[in-house]
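Listed here are the chains, written in short residue letters.
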Amino acid sequence: MDIEEKLAILADSAKYDVSCSSSGSNRKNKGGIGNSAPSGICHSWSDDGRCISLLKILFTNECIYDCAYCVNRASNDRPRATFTPDEVARLTLGFYKRNYIEGLFLSSGIKNSPDYTMELIYKTLYLLREEYNFNGYIHAKAIPGSTLQLVNKVGLLADRISVNIELPSRTSLDKLAPQKKAEDILKPMKNIGDKIVARKENKQKFRNTPKYVPAGHSTQLIVGATPENDNKIVNLAASLYNNFNLKRVYYSAFMPVKSDARLPALNKPPLLREHRLYQADWLLRFYDFSAQELFTEDQPNLDYRLDPKLNWALNNLHKFPIEINKASYEELLRVPGIGPRSAGRIVAARREGSLSYLNLPKIGMVLKRAKYFITCQGKYQAGIPFQEEIIEDRVIKEMGKKDLHQTSLFSLGELDDG
Amino acid sequence: MMDNFIYDGSFTGFLTLIYQVFKKKNIPAQIIRGKEAQLNLIYNNITIKSDEEKADQVTEAIIAEISHKAYRTLYRAFLSEIEGVERAAIFYLQKGFKRGSSYLNSWADEEVVFINQAAKKVNREVHRFKGLLRFRMLQEKILYAPFKPDYNISFPVAQHFKNRLAGERWGIHDKKRNTAVIYQEDELLIVPGEELAEIKFAEEEELYQSLWQEFFNNISIEKRKNLKLQKSFMPQKYWEYLVEKK
Ligand code: SF4
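Going down the list, the protein sequences come from chains A and B.
In terms of our numbering, the first sequence has 112 at position 112, counting the first letter as 1, and numbering is strictly consecutive.
In terms of our numbering, the second sequence has 213 at position 213, counting the first letter as 1, and numbering is strictly consecutive.
Pulled out of the complex, with its shape left as it was, chain A reads as follows (with noise of 0.2 angstroms):
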């Protein structure tokens, strides 16, 4: 099989993984090719409108597995193809040096057994780093079950590493991917965390402590193949970045490739759901907010109606309106339509001088949602009395449909300022 066949293939197979980023790392050009930009960068944009940054393929789909949920699944009638090491890092280093792509993502079936694979893994990435001295973005795949030496061996050459949970609860997993223990995901996701942390703390000692995952260790879960609500799902997300020190949680839409008695029939994927979810996620990461305050109990999923921020503001009226001049940094986080950024400049640009209305679009700021959450000078200008009905009205009136299309689909790479 020539390497475009196979390309076509282990592309193919690949591209149910949504991570796409390539930012975090800063790795320098030793005398070779490549470097990183920690604040990522896209290439190109898929036909489904989505950044593609890294050179995203599987290392084989001859898989011996058989999740429900997978393309790649054993019983599943599919094209099947392996690369070789070397034609994975030829590929990488002529698409890099085009400027095709930041990096290379690599992910993999499991070929004979986890160990066997992440053997192949180790390999290709040895090779790309020692033998042709690139330095550009890596991103690999840990196969759960393979051992952890190996895992960490991998740590010290990629700059990311990630074990995907997929599904969101233990009964899920072994309906599902029967074949694979929770233990053999959560297990490597555990190490690699306390290796990053163990780094960290080594560095202040000394100062040639080697690379280990600088851009972090990732996971991805699967929305709307199983019953989890989305309180559930991100009270899991906010516990894996608080315990396992993860660095990113990204969401799947379910689509369904092959019939499965065990797997619900959509025949479209839930893409508003997991753009909700992908907001929710910004919230606890950038935003302060924790899962708590997301979900109340007779209110288990997210209103996907609105974002969740406005949600939660119009849930939490009593908080509000807040005066521009006087409130605190992480008040003025809160109110829709400000985002770091925007709230960073206030701050700045009110140590000048009193800000009045008619400022605070000079300063960057859009006014369009935060104006019925804010006083400034004292005014309210919103144009309408502050009552909640009156308001939440007003606001679903005024997104109209535009926002359910809003491009933040996909636009991980970038905060978005809201």
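I should point out that these hints are in silico values taken from the structure, not numbers from a laboratory.
Hints are not guaranteed to be accurate.
Covered by chain A, according to a simulated footprint, are these stretches of chain B (three or more residues, beta-carbon under 8 angstroms) [stated by the list, open to error]: (1) 96–107; (2) 127–137; (3) 163–169; (4) 198–212; (5) 223–230; (6) 235–245.
27 angstroms max Cα-Cα, derived DSS-like pairs, lysine-lysine [to be verified]: (7) B:K130 x A:K28; (8) A:K97 x B:K130; (9) A:K15 x B:K223; (10) B:K69 x A:K28; (11) A:K368 x B:K228; (12) B:K121 x A:K368; (13) A:K30 x B:K162; (14) A:K30 x B:K130; (15) B:K162 x A:K28; (16) B:K231 x A:K368; (17) A:K97 x B:K237; (18) B:K245 x A:K97; (19) A:K97 x B:K141; (20) A:K175 x B:K223.
FRET-style restraints, in silico, Cβ to Cβ [stated by the list, open to error]: (21) B:L188 x A:E131: 24 to 34 angstroms; (22) B:E168 x A:L156: 18 to 28 angstroms; (23) A:A182 x B:Q184: 55 to 65 angstroms; (24) B:L188 x A:R207: 49 to 59 angstroms; (25) B:R169 x A:T84: 42 to 52 angstroms; (26) B:D8 x A:N242: 51 to 61 angstroms; (27) A:N242 x B:E187: 46 to 56 angstroms; (28) B:T47 x A:N208: 52 to 62 angstroms; (29) B:Q213 x A:N242: 36 to 46 angstroms; (30) A:R305 x B:Q184: 56 to 66 angstroms.
Cβ atoms here follow ideal geometry from the backbone N, Cα and C, with glycine treated the same way.
Got chain A sorted already, so can you dock chain B with the ligand onto it with the hints?
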């Protein structure tokens, strides 16, 4: 008596112009880029000759008396070539020299807004092309990237590749302005487009282009297809040199 200043359009030329403005306390009526201005009965035409030394002095003054950030922002704004940017820069500096680095925090100031917005447009395009630029391998084993940016950004874009492609030979060609930046022995050189040799692609080039197209076509998820979204991130004006969109 008011004067028109004419300069060569380079950043060095522009800084030399700034030198004149502040040394002679002479704010020009008009600033004209590159071409010879028409003789005018009312105004005097003064041609500014680019002068590295004067330019350096201005650079140092901006950094010392305002801030490094002011200098960077000004440079990026300058690259936008937006109508009126030079005049705005003069008032920006005038106030900056008076008030120091805190001037940059006056977000409502007319010139701060103007310069920031111009710089932002340029920065955005620079960032875009860090991703969208496509190199082609030439027969001489040189990587060659043609593009048509809205703003004059070849140099900052090239700076991004300086460390990244340090071991390669490469060049970036702005086809709109017909200027190129060439990387040679750890240095970036600006050369006029006419001086580039004839472009002949290496044999392997076709294979890599078709591999990339193959990858591009297979990585998209059919059920999530959204061409509008794709276009909003990757506007059609950039497609001409995008291998995957040719
Ligand atoms: S092990 Fe991975 S590739 Fe194999 S079937 Fe399960 S999810 Fe798919």
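Cross-check of the supplied hints:
1. Three residues within the 8 angstroms Cβ limit are the bar, and the segment 96–107 of chain B against chain A gives 4, so the coverage statement holds.
2. Here the segment 127–137 of chain B counts 9 residues with a CB under 8 angstroms from a CB of chain A, which clears the bar of 3, and the coverage holds.
3. Coverage of the segment 163–169 of chain B by chain A holds [criterion: at least 3 residues with CB-CB distance below 8 angstroms; count 6].
4. Interface restraint, the segment 198–212 of chain B with chain A: holds (5 residues with C-beta to C-beta distance below 8 angstroms; minimum three).
5. Residue count for the segment 223–230 of chain B with a Cβ under 8 angstroms from a Cβ of chain A: 8. That meets the three needed, and the coverage hint holds.
6. Coverage of the segment 235–245 of chain B by chain A holds. Counting CB-CB distances below 8 angstroms, 3 residues qualify, and the rule asks for three or more.
7. Between B:K130 and A:K28, the direct Cα distance comes to roughly 17 angstroms. Compliance with the 27 angstroms bound is thereby established for this hinted pair.
8. With a C-alpha separation of about 13 angstroms, the suggested pair A:K97 and B:K130 falls inside the 27 angstroms cut-off, and the hint holds.
9. The hinted pair formed by A:K15 and B:K223 meets the criterion: a straight-line CA distance of about 12 angstroms does not exceed 27 angstroms.
10. Between B:K69 and A:K28, the direct Cα distance comes to roughly 24 angstroms. Compliance with the 27 angstroms bound is thereby established for this hinted pair.
11. Pair hint A:K368 plus B:K228 holds up; C-alpha atoms about 24 angstroms apart against a cutoff of 27 angstroms.
12. Taking the CA atoms of B:K121 and A:K368, the gap is about 22 angstroms. The hint holds against a cut of 27 angstroms.
13. Taken as a hint, the A:K30 and B:K162 pair is honoured in the structure, with Cα atoms around 12 angstroms apart against an allowance of 27 angstroms.
14. Between the alpha carbons of A:K30 and B:K130 the distance comes to roughly 20 angstroms, so the proposed pair stays at or under 27 angstroms and holds.
15. Of the pairs offered as hints, the one joining B:K162 and A:K28 holds, with about 12 angstroms between alpha carbons and a cut-off of 27 angstroms not exceeded.
16. Between B:K231 and A:K368, the direct Cα distance comes to roughly 25 angstroms. Compliance with the 27 angstroms bound is thereby established for this hinted pair.
17. Between the alpha carbons of A:K97 and B:K237 the distance comes to roughly 23 angstroms, so the proposed pair stays at or under 27 angstroms and holds.
18. Distance restraint check for B:K245 and A:K97: the Cα-Cα separation of roughly 19 angstroms lies within the 27 angstroms cut-off, and the hinted pair is therefore satisfied.
19. Using a Cα cut-off of 27 angstroms, the hinted pair A:K97 and B:K141 holds, with the two alpha carbons roughly 11 angstroms apart.
20. Only pairs whose Cα atoms come within 27 angstroms are accepted, and A:K175 paired with B:K223 is accepted, the gap being roughly 26 angstroms.
21. For the pair B:L188 and A:E131, the supplied restraint of 24 to 34 angstroms holds, since their beta-carbon distance comes to about 29 angstroms.
22. Hint check: B:E168 to A:L156, Cβ distance near 27 angstroms, so the stated range 18 to 28 angstroms holds.
23. At about 56 angstroms, the beta-carbon gap between A:A182 and B:Q184 stays in the expected band of 55 to 65 angstroms.
24. Checking the proposed 49 to 59 angstroms range against B:L188 and A:R207 shows it is violated: the Cβ atoms sit about 32 angstroms from each other.
25. One distance hint, 42 to 52 angstroms for the beta-carbon pair B:R169 and A:T84, is violated here, with the actual separation near 29 angstroms.
26. Take B:D8 and A:N242: their Cβ atoms lie about 58 angstroms apart, and the range 51 to 61 angstroms holds.
27. Roughly 49 angstroms separates the CB atoms of A:N242 and B:E187, a value that falls within the hinted 46 to 56 angstroms.
28. Distance hint for B:T47 and A:N208: a CB-CB separation of about 57 angstroms, consistent with the stated range 52 to 62 angstroms.
29. In this structure the hint that B:Q213 and A:N242 lie 36 to 46 angstroms apart at CB holds, the actual value being about 43 angstroms.
30. In this structure the hint that A:R305 and B:Q184 lie 56 to 66 angstroms apart at CB holds, the actual value being about 58 angstroms.
Hints 24 and 25, counting from the list given before, are not met by this structure.
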